[in-house]
Amino acid sequence: MKTIVRFAPSPTGYLHVGNIRLALINWLFAKKNNGQFILRFDDTDTSRSQTKYVEAIKDDLLFLKIEWDKEAKQSDQIEKYDSITQDLKSRGLLYACYETPEELDFKRKILRSQNKPPIYDRSALKLTESQKLTFQNEGRKPHWRFKLKNSEIYWSDLVRGDVKYNTSNQSDPVVVRADGTYLYLLPSVVDDLNHNISHVIRGEDHVTNSAVQLEMMEAIEPGSSIEFAHVPLLQGGSGEALSKRTGSLSIMDLRNSSIEALSICSLLARLGSSDSVEAYSSMQEMILDFDISTFSRATPKFNLKELSNLNSKVLQKLTFTDISARLETAGIDKSDLDVKGQMFWEAIKSNINNFSDAVNWWNICFNPLSTIPLAQDLLTHAEASLPMEPWSEKTWAEWTENLKQLSGVKGKRLFLPLRKALTGLDSGPELKDLLPLIGRDNTLKRISGQIT
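Sequential numbering from 640 applies to the sequence shown in the numbering used here.
Calculated directly from the structure, the hints in this document are not laboratory data. Treat the hints with care, since some could be wrong.
Unchecked claim - Here are the simulated DMTMM-like pairs of lysine to aspartate or glutamate, each with C-alpha atoms no more than 25 Å apart in a straight line:
| # | residue 1 | residue 2 |
| --- | --- | --- |
| 1 | LYS988 | GLU1022 |
| 2 | LYS671 | ASP801 |
| 3 | LYS952 | GLU985 |
| 4 | LYS1051 | ASP1065 |
| 5 | LYS1071 | ASP996 |
| 6 | LYS956 | ASP914 |
| 7 | LYS728 | ASP760 |
| 8 | LYS641 | GLU854 |
| 9 | LYS1084 | GLU1040 |
| 10 | LYS944 | GLU924 |
| 11 | LYS1071 | GLU945 |
| 12 | LYS979 | GLU1032 |
| 13 | LYS641 | GLU791 |
| 14 | LYS1049 | ASP1072 |
| 15 | LYS671 | ASP684 |
| 16 | LYS973 | GLU985 |
| 17 | LYS1033 | ASP1072 |
| 18 | LYS780 | GLU741 |
| 19 | LYS952 | GLU967 |
| 20 | LYS1059 | GLU1032 |
| 21 | LYS803 | GLU866 |
| 22 | LYS979 | GLU1069 |
| 23 | LYS755 | GLU791 |
| 24 | LYS788 | ASP760 |
| 25 | LYS788 | ASP844 |
| 26 | LYS940 | ASP796 |
Let the hints inform the model, and build the full structure from the sequences given.
Now the structure itself:
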């Protein structure tokens, strides 16, 4: 059977790292098994679904190189859902209920006061036609529930192992609202069957939904087969739940912070698994290493500091060829990059946390810069001992050794003033690598306090 998976976000907000982790796991699983990855928008909630979120979700996925083989929207399938719904009604598997939200809430309160689970009592099944007509004359419109078999459902979960759930532990789920719109459960089942989904990989908060949906699948398409994997939900660094509505840890924010797509994916691909996190050089490497069986039931946490450290490692693995087009897009002249780019990248890549740092260091090396000049006595010796060009990575050692001999200043008292004069900063890449980039003329101007 061909492997076909889906990522099915509701376009009601921006994606956070928890959403993306599920998308990535599905995508990696599909690619590892030479399968298909479907992007499906569960947009039946017309009051909250927005086109801007559809586009934002697609943009985030493409930024992360998570490309889909097929796209679908539930809003395009209403006629299909209507047809299935009518069939289930005719077979008595969907039944009309006329209780108001207030009446249902009152029933739940009574059950809780009796220390009983708030499970719907199926009183709507006992209504006579006359009672139904009375409700309709009052202006009530029915919502529709799926009649569960109240039986034990079993499946072998790719993450949780053998799972058993008795559907008598919950109410018959409402699948159609009183206004005729659909809730999550039924359209999801219909789409999974229509798209021949082989594996549903999603959060552990859907375990009870899976039991219900297995009953629905059997009712709609007897003998249908599907496998499940329920992974623990990702939490924030302090153990808080992530929410699309509040925008917590959104991909948009990470992008605005110049975090590499590969860094985000490298971290999310391993969180919750028994494999240690590593900085990948490509998505293909990630695919080759992926194994759904390494995921456990332990709750993973997303740590921004861990992501930042990983981002530095990912950048260090990039070659100048990998990064040159992005530097040009950032406003650096291509002709300058052709001459100085390779040497520049090798000099700074081990000392940056994100891509914007690289642009900043280009400006420090080659653009006008106001720095802290050397004290006059040290300046005199620095100017006198500065070698003539051409320069290499050995020039720094040659210059500072001569300067120590002339001035009698050494260690931090020598190197920190030089770094501040040359770069305006207290720390950064090795000065032996930066000095040939800055050049002799700019070095003389900077150490004397002239803006270069």
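Comparing the hints with the structure gives:
Distance restraint check for LYS988 and GLU1022: the Cα-Cα separation of roughly 29 Å exceeds the 25 Å cut-off, and the hinted pair is therefore not satisfied. Taking the CA atoms of LYS671 and ASP801, the gap is near 24 Å; set against the 25 Å cutoff, the hint holds. Distance restraint check for LYS952 and GLU985: the Cα-Cα separation of roughly 14 Å lies within the 25 Å cut-off, and the hinted pair is therefore satisfied. About 11 Å separates the Cα atoms of LYS1051 and ASP1065, which keeps this hinted pair within 25 Å; it holds.
The straight-line distance between the Cα atoms of LYS1071 and ASP996 is roughly 19 Å, inside the 25 Å bound, and the hint therefore holds. With a C-alpha separation of about 20 Å, the suggested pair LYS956 and ASP914 falls inside the 25 Å cut-off, and the hint holds. The suggested pairing of LYS728 with ASP760 holds, with an alpha-carbon distance near 19 Å, which does not exceed 25 Å. Pair hint LYS641 plus GLU854 holds up; C-alpha atoms about 23 Å apart against a cutoff of 25 Å.
Proximity of LYS1084 to GLU1040 is assessed by CA-CA distance (about 21 Å); at most 25 Å being required, the pair is judged to hold. About 24 Å separates the Cα atoms of LYS944 and GLU924, which keeps this hinted pair within 25 Å; it holds. Distance restraint check for LYS1071 and GLU945: the Cα-Cα separation of roughly 30 Å exceeds the 25 Å cut-off, and the hinted pair is therefore not satisfied. Of the supplied pair hints, the one linking LYS979 and GLU1032 holds, its CA atoms being roughly 14 Å apart against a limit of 25 Å.
Note on LYS641 and GLU791: the hinted pairing is violated, with a Cα-Cα distance of about 28 Å set against a maximum of 25 Å. As the CA atoms of LYS1049 and ASP1072 are separated by approximately 20 Å, the hinted pair is consistent with the 25 Å bound. Straight-line distance between C-alpha atoms of LYS671 and ASP684 comes to about 33 Å, which puts the hinted pair past the 25 Å bound. With a C-alpha separation of about 17 Å, the suggested pairing of LYS973 with GLU985 holds against the 25 Å cut-off.
This hinted pair checks out: LYS1033 and ASP1072 have alpha carbons roughly 9 Å apart, not beyond 25 Å. The straight-line distance between the Cα atoms of LYS780 and GLU741 is roughly 15 Å, inside the 25 Å bound, and the hint therefore holds. Simply put, LYS952 and GLU967 have alpha-carbon atoms about 22 Å apart, close enough for the 25 Å limit, and the pair holds. Between the alpha carbons of LYS1059 and GLU1032 the distance comes to roughly 19 Å, so the proposed pair stays at or under 25 Å and holds.
Distance check on the hinted pair: LYS803 and GLU866 sit about 14 Å apart at the alpha-carbon level, within 25 Å; holds. Among the hinted pairs, LYS979 with GLU1069 is consistent with the structure: their alpha-carbon atoms are about 17 Å apart, no more than 25 Å. Annotation: proposed proximity of LYS755 to GLU791 holds, straight-line Cα distance about 20 Å (limit 25 Å). Taking the CA atoms of LYS788 and ASP760, the gap is about 14 Å. The hint holds against a cut of 25 Å.
For the given pair, LYS788 sits about 22 Å from ASP844 by alpha-carbon distance, which is consistent with the 25 Å threshold. For the proposed pair LYS940 and ASP796, the alpha carbon gap of about 22 Å is at most 25 Å, so the pair holds.
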